[in-house]
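Colleague: Given next are the chains, with one letter for each unit.
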Amino acid sequence: MPTWVAACVAEDVDKEDVIGFRHEDRDYAIYRTADGEFFATDGHCSHERTLLCDGLVMGHVIECPKHNGRFDIPTGKAIRAPVLKDIQTFPTKVEDGSVFVFV
Amino acid sequence: MTAVMGRERLKCYSLTGEQGERAVSLGLADGSEWFRSDIERKRMKDLMRRSDFPAVRDTLLWFGLMGAFAAAGIALWRSWLAFVCFAIYGLLYGSGADSRWHECGHGTAFKNPRLNDATYAIASFMDMRDPTVWRWSHTRHHTDTLIVGRDREIAVMRPARLARLLVNFFGLVDFPLSLWTMLVHASGRLMPDERTFVPAQERHRVFRTARVWCVIYGLTIAAIVVTHSVVPFLLIGGPRIYGVYLLQVYALTQHAGMGENVLDHRLNTRTVYMGHVNRFIYMNMNYHIEHHMFPMVPYHRLAELHEQVKHDMPEAYPSLWAAYKEIIPAVLRQLTDQTYYIRRELPPGAAPYGDAADGRAMLEGC
Numbered sequence: 044m045p046t047w048v049a050a051c052v053a054e055d056v057d058k059e060d061v062i063g064f065r066h067e068d069r070d071y072a073i074y075r076t077a078d079g080e081f082f083a084t085d086g087h088c089s090h091e092r093t094l095l096c097d098g099l100v101m102g103h104v105i106e107c108p109k110h111n112g113r114f115d116i117p118t119g120k121a122i123r124a125p126v127l128k129d130i131q132t133f134p135t136k137v138e139d140g141s142v143f144v145f146v
Numbered sequence: 134m135t136a137v138m139g140r141e142r143l144k145c146y147s148l149t150g151e152q153g154e155r156a157v158s159l160g161l162a163d164g165s166e167w168f169r170s171d172i173e174r175k176r177m178k179d180l181m182r183r184s185d186f187p188a189v190r191d192t193l194l195w196f197g198l199m200g201a202f203a204a205a206g207i208a209l210w211r212s213w214l215a216f217v218c219f220a221i222y223g224l225l226y227g228s229g230a231d232s233r234w235h236e237c238g239h240g241t242a243f244k245n246p247r248l249n250d251a252t253y254a255i256a257s258f259m260d261m262r263d264p265t266v267w268r269w270s271h272t273r274h275h276t277d278t279l280i281v282g283r284d285r286e287i288a289v290m291r292p293a294r295l296a297r298l299l300v301n302f303f304g305l306v307d308f309p310l311s312l313w314t315m316l317v318h319a320s321g322r323l324m325p326d327e328r329t330f331v332p333a334q335e336r337h338r339v340f341r342t343a344r345v346w347c348v349i350y351g352l353t354i355a356a357i358v359v360t361h362s363v364v365p366f367l368l369i370g371g372p373r374i375y376g377v378y379l380l381q382v383y384a385l386t387q388h389a390g391m392g393e394n395v396l397d398h399r400l401n402t403r404t405v406y407m408g409h410v411n412r413f414i415y416m417n418m419n420y421h422i423e424h425h426m427f428p429m430v431p432y433h434r435l436a437e438l439h440e441q442v443k444h445d446m447p448e449a450y451p452s453l454w455a456a457y458k459e460i461i462p463a464v465l466r467q468l469t470d471q472t473y474y475i476r477r478e479l480p481p482g483a484a485p486y487g488d489a490a491d492g493r494a495m496l497e498g499c
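Protein chains in written order, with our numbering: chain A, 44 to 146; chain B, 134 to 499.
Simulated from the structure, these hints should not be mistaken for lab results.
Not one of these hints is a red herring.
Not everything, but these chain A residues come out facing chain B in the computed CB check (under 7 Å):
(1) Glu91
(2) Arg92
(3) Leu99
(4) Pro108
(5) His110
(6) Asn111
(7) Ala124
(8) Pro125
All C-beta atoms, glycine included, are put in the ideal place defined by N, C-alpha and C.
Taking the hints into account, I'd like the entire structure generated from these sequences.
Modeller: Now the structure itself:
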């Protein structure tokens with residue numbers, strides 16, 4: 044049953060950056076955009092399971108650190124080969140300075 | 134099972150053989166783990182940051198030089214100076230295009246994706262490399278660098294195909310093979326090895342591109358016939374023969390003689406210092422360990438990245454000459470001893486080689 048899980052303190056994530064979060068043996072990526080919005084996706088690239096938290100956030104796009112495939116962060120949509128498969132996204136909220144992910 | 138040696142071993146490099154599956158079962162083709170030097174995240178983000186300016190400047194200079202030397206070559210036709218002009222034009226086209234293909238394929242040259250994609254399409258044509266096939270081929274190369282049976286881009290096998298390597302300094306294998314491959318693609322088929330790594334949903338792009346290219350080369354041939362001149366060939370396609378030699382000089386330094394079937398790029402790749410002209414043509418790919426370790430860092434930041442991580446690296450080769458002084462004897466030795474490879478020492482304090490395999494590349498059966 045999905046529930047809200049505290050992932051990190053909001054200040055842990057720089058603007059236009061990403062950090063990794065692990066919960067119940069699954070990796071997630073927590074993003075903060077340049078305008079301060081938070082998003083969460085699968086932690087791994089859908090191409091070869093590289094961790095996206097080592098990648099580069101450019102606007103609303105995350106680039107995988109291994110093969111430069113790209114995803115749209117808010118939708119998880121694959122937008123640049125070699126990624127062809129979308130990744131799952133998860134709702135987020137910020138309460139009392141903490142980022143919660145609905146997983 | 135004993136190791137296969139001699140010319141028989143070359144079969145192990147086939148992507149359609151058993152070695153690829155064996156590498157997968159041994160965990161050598163996972164792609165999610167590779168050695169990276171520890172760099173503070175803030176610094177890493179700074180190094181990865183994209184910018185249009187360096188690539189716009191360098192691309193304009195590249196196209197500008199090609200345009201100028203082509204125009205001068207045509208204007209000075211029948212003078213010996215035309216030979217010099219076309220020699221430089223061909224070098225920029227035949228060797229320079231490959232670097233642009235590579236960097237724009239990674240999507241790191243420009244910040245603007247449209248500039249990346251446009252330059253990638255043009256450079257792929259000049260390089261006679263289908264943009265889709267080679268995007269996937271190079272993706273595989275980065276996942277499975279020098280993994281036998283998985284990496285299609287192993288230029289120097291054990292034992293090396295010396296005659297092929299030498300004649301390819303003048304494109305005498307790659308040029309006709311590229312033309313044949315283009316015709317196969319235009320007929321709606323892939324080559325057998327390409328079918329192992331190009332996803333089905335991407336294949337239509339390959340066939341469409343090949344048909345467009347066939348039209349361009351057809352028009353080039355028509356121009357040769359109509360003008361009774363070899364100049365159209367010198368301008369389009371021909372540089373893949375007479376201008377490709379410098380690319381071979383650069384590219385062979387990347388991995389030749391190094392360890393196979395390892396996941397630490399310090400064991401299978403080398404970094405070579407080069408001068409400004411070579412680095413312009415080669416787009417800084419002389420920092421090749423750094424590129425494999427951090428493929429997201431744009432070419433114009435690789436020198437800085439090198440300074441950041443060189444404490445973890447084997448000492449960079451001071452010149453092309455220094456690299457070849459090691460490569461040539463190693464490749465010759467591998468003709469008779471396929472267990473031999475170059476294993477470089479790390480400086481004191483460097484993160485140790487963490488790989489269980491040692492680079493000798495003796496998978497069962499190979």
